[in-house]
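Given only the sequences and the hints, what does the whole structure look like? Please build it.
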Amino acid sequence: MPRDTLAELSDDALLVLYANGDPEAARLLAARLAPRLMAYGMRLLGDRAEAEDVAQEAMLRLWKQAPDWRQGEAQVSTWLFRVASNLATDRLRQRKRRKAEPLKHGDEEGIDPPDTSPGAMAQLMQADRMAALQLALDSLPDRQRQAVVLRHIEGFTNPEIAEVMGIGVEAVESLTARGKRALTAALEGRREELGYGDED
Amino acid sequence: MTMTDRDPLLDDLFAEARADAPAMSTDFMARILADAERLQPKQVVMAQPVQQAQRGIGLWHRVAAALGGAVAIFGLSSAAMAGLVIGYVQPESVLNLADGLGFAVTSQSVDILPGFDSLLVAQE
Chain A
7 MPRDTLAELS
17 DDALLVLYAN
27 GDPEAARLLA
37 ARLAPRLMAY
47 GMRLLGDRAE
57 AEDVAQEAML
67 RLWKQAPDWR
77 QGEAQVSTWL
87 FRVASNLATD
97 RLRQRKRRKA
107 EPLKHGDEEG
117 IDPPDTSPGA
127 MAQLMQADRM
137 AALQLALDSL
147 PDRQRQAVVL
157 RHIEGFTNPE
167 IAEVMGIGVE
177 AVESLTARGK
187 RALTAALEGR
197 REELGYGDED
Chain B
75 MTMTDRDPLL
85 DDLFAEARAD
95 APAMSTDFMA
105 RILADAERLQ
115 PKQVVMAQPV
125 QQAQRGIGLW
135 HRVAAALGGA
145 VAIFGLSSAA
155 MAGLVIGYVQ
165 PESVLNLADG
175 LGFAVTSQSV
185 DILPGFDSLL
195 VAQE
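Those protein sequences? They're chains A and B, same order as listed. Position in the first sequence (from 1) plus 6 gives the number in our numbering. Position in the second sequence (from 1) plus 74 gives the number in our numbering.
Just so you know, these hints were derived from the structure itself, not from any lab. Predicted model only: the values in this text are computed from it and were never measured. Among the hints, a few may not be true.
Some but not every residue of chain A turned toward chain B, in silico, with C-beta under 10 angstroms [stated by the list, open to error]:
1) P29
2) R33
3) M44
4) E58
5) A61
6) W69
7) A72
8) L139
9) Y202
Where is the CB? At the ideal position from N, CA and C, for every residue including glycine.
Dropping the structure here:
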């Protein structure tokens, strides 16, 4: 099938073509989905190498799932982001355990309330706007961070986020609302520096 | 936070983040495509093994198979040859056996296919 025609197909259809042995389908799926997974992983983990590993592992699981994929039952993107979310959560837990064992206070890291101490905010002095956002995101609890990134950066709808996270739509709304409030609080100390000091 | 309770700073940062896609390294994409190639099911080829196998078999092979194989062909050939030899040589014992059965066969008149007349004569 010509590449132009393939480019118009849905992720679902491309995955079926991949399962039928079409080599071009894999290239298009990877080009569409891997960058999004990579960006999502970086927002959750704050580390490029780990984000690449998560994205690659999620895509690998998609390739394995392809022969048994049932068209119409789930979106490829939500399925992939769910896998990536679980992989990232596992890595965050491992990271916390590694930090907790020697320091004995790791449970407090990354958990409510956001770290808005003068020392933490001082680290933002040399950072650009994206780094400021990332640092604020890093201060959120894992589930709030996932929900906020999926809703406001990846552009998923609340029902799609509910599917990705395996929770109800109301829980998604609660997580995103609390996440945005926490982000606002985390950025409060940099508002003027980021050019928004006079708007409040 | 309600819809009217918007934070312009946060909204702008989200918009910038959506546009700020990280660059993909060629190595990263190569690893993903290598996985895809390794795990991709092979394309199904519509082979015709039965027809291809029969194409190499000649007419005689198929006739021999229909008659029961090489052993059966050898047996039939041997019987046919024996019949021809007996017909030409006409050994004494065969002529005596023919006389005993009432067939008037002599060395001068060989009737390989005796007709009904011979049968009638034999019954007389």
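Structure-based check of all given hints:
| no. | hint | verdict |
| --- | --- | --- |
| 1 | P29 | holds (7 angstroms) |
| 2 | R33 | holds (7 angstroms) |
| 3 | M44 | holds (6 angstroms) |
| 4 | E58 | holds (5 angstroms) |
| 5 | A61 | holds (8 angstroms) |
| 6 | W69 | holds (4 angstroms) |
| 7 | A72 | holds (8 angstroms) |
| 8 | L139 | holds (4 angstroms) |
| 9 | Y202 | holds (4 angstroms) |
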